[in-house]
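Throw the hints in and build the complete structure from the sequences for me.
Spelled out from the first residue to the last, the chains are:
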Amino acid sequence: MDNLQFLFAGFAVFWAALLVYLLILQGRVHSLEREIGRLEERLVESTEAADRGNEATAAGASERVAGRTVEPSAPTT
Amino acid sequence: MNVPRALTAAVHGVYGLRWLVLPPATAIAMFALLVGAVIAAPREIVEGEVQRLMYIHVPSALMTYLAFGITFVSSLIVLWKRDMRWDAAARASATVGVIFTAITLATGAIWGKPIWGVYWAWDARLTTTLVLFLIFSAYLLARAVAGPNDEQVARYAAVFAVIGALDIPLIHMSVSWWRTLHPQPIVFRPLDGPALPDEMLLVLMIGFGAIFLLVLWMTSLLTDAERLAQRTEALRARLDREDRG
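Going down the list, the sequences are from chains A and B. Per the working numbering, the first sequence starts with residue 1, numbered consecutively. Per the working numbering, the second sequence starts with residue 1, numbered consecutively.
It is possible that part of the hints are untrue.
Claimed, not checked - Looking from chain A toward chain B, a few residues come up when the C-beta cut is under 8 Å (computed):
(1) N3
(2) L7
(3) I24
(4) L39
What the hints assert, rightly or not - To be clear about the criterion: a stretch of chain B counts as covered by chain A if any three or more of its residues have a C-beta under 8 Å from a C-beta of chain A, and this derived list gives those stretches:
(5) 47-55
(6) 217-225
(7) 229-236
Treat the hints as calculated values from the structure; they're not laboratory data. Glycine included, each C-beta is placed from N, C-alpha and C at the ideal position.
Structure, rendered in structure tokens:
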């Protein structure tokens with residue numbers, strides 16, 4: 001009995017199933033890439049916001065410090 | 001010497017070597033399986049060339065038990081310890097198990113057409129295997145719609161997986177308990193020993209080794225991907241909390 005076509009079909013199914021697995025894995029890796037990209041963007045935004053906040057705080061502090069340095073010289077004038 | 005700690009360290013050590021050992025070992029074993037199944041194994045007189053499908057069908061069926069066995073144990077640990085790392089292992093092994101159940105069903109159907117005259121028969125072994133495929137497909141569907149760190153869904157899914165895995169002994173014993181069209185066991189026969197010529201048995205053993213390594217490799221890869229998804233999700237949830245705070 002020669003059933004070569006069935007043998008080829010069986011092996012083709014095996015390799016096709018492995019391909020399906022690779023596609024599942026690829027989908028998982030892609031979704032992870034997207035999620036990590038979004039997290040990186042949020043991290044950059046929050047770091048920039050924090051930096052702006054720090055700059056504003058520092059500017060306010062230096063103005064207050066400058067105000068204090070001026071005050072002692074006021075009575076002498 | 002603390003034996004459990006030493007054992008845990010040994011398991012961690014072996015697991016750490018997986019990316020070094022599994023790819024080349026699987027490649028060599030799969031190559032040996034293909035050469036053995038297609039070229040080296042003798043041609044079966046009655047069934048002809050299609051009998052060579054046995055070298056992937058039987059190991060795939062057995063490694064389905066292994067994959068769902070991992071799902072079963074991991075699910076029990078999820079229920080016991082509530083450790084989501086084991087949920088990642090359960091999901092990964094269930095995915096690999098479903099893929100190998102599909103291979104088993106499809107190669108069996110392709111073998112059945114020239115030998116039985118039909119692709120499918122509502123035989124006890126075939127039907128219980130189809131039920132296993134459907135149970136774990138439903139499990140994966142339920143897990144896919146929930147987030148990777150959803151503990152409540154993970155616990156419900158673990159209960160479902162533990163109950164679903166009870167189908168495995170039913171599948172294994174189906175050919176003994178009922179009159180079936182499916183061939184009787186030819187390798188694991190405790191009383192009589194294997195009923196195969198040595199050359200065929202050797203190729204079948206290579207097949208068991210090759211598919212075993214393949215299942216381990218596929219499961220560990222997917223487990224790592226699921227763990228990464230859990231860690232990413234946890235990081236996102238933490239950033240959300242910080243943003244709100």
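How the hints compare with the structure:
1. N3: 4 Å, holds
2. L7: 5 Å, holds
3. I24: Given a least distance of 6 Å, the restraint on I24(A) holds.
4. L39: 6 Å, holds
5. 47-55: With 6 residues close enough to chain A, the hint holds.
6. 217-225: Check passed, 4 qualifying residues.
7. 229-236: Holds: 5 residues of the segment 229-236 of chain B have a Cβ under 8 Å from chain A.
Violated hints for the displayed structure: none, as all numbered hints are satisfied.
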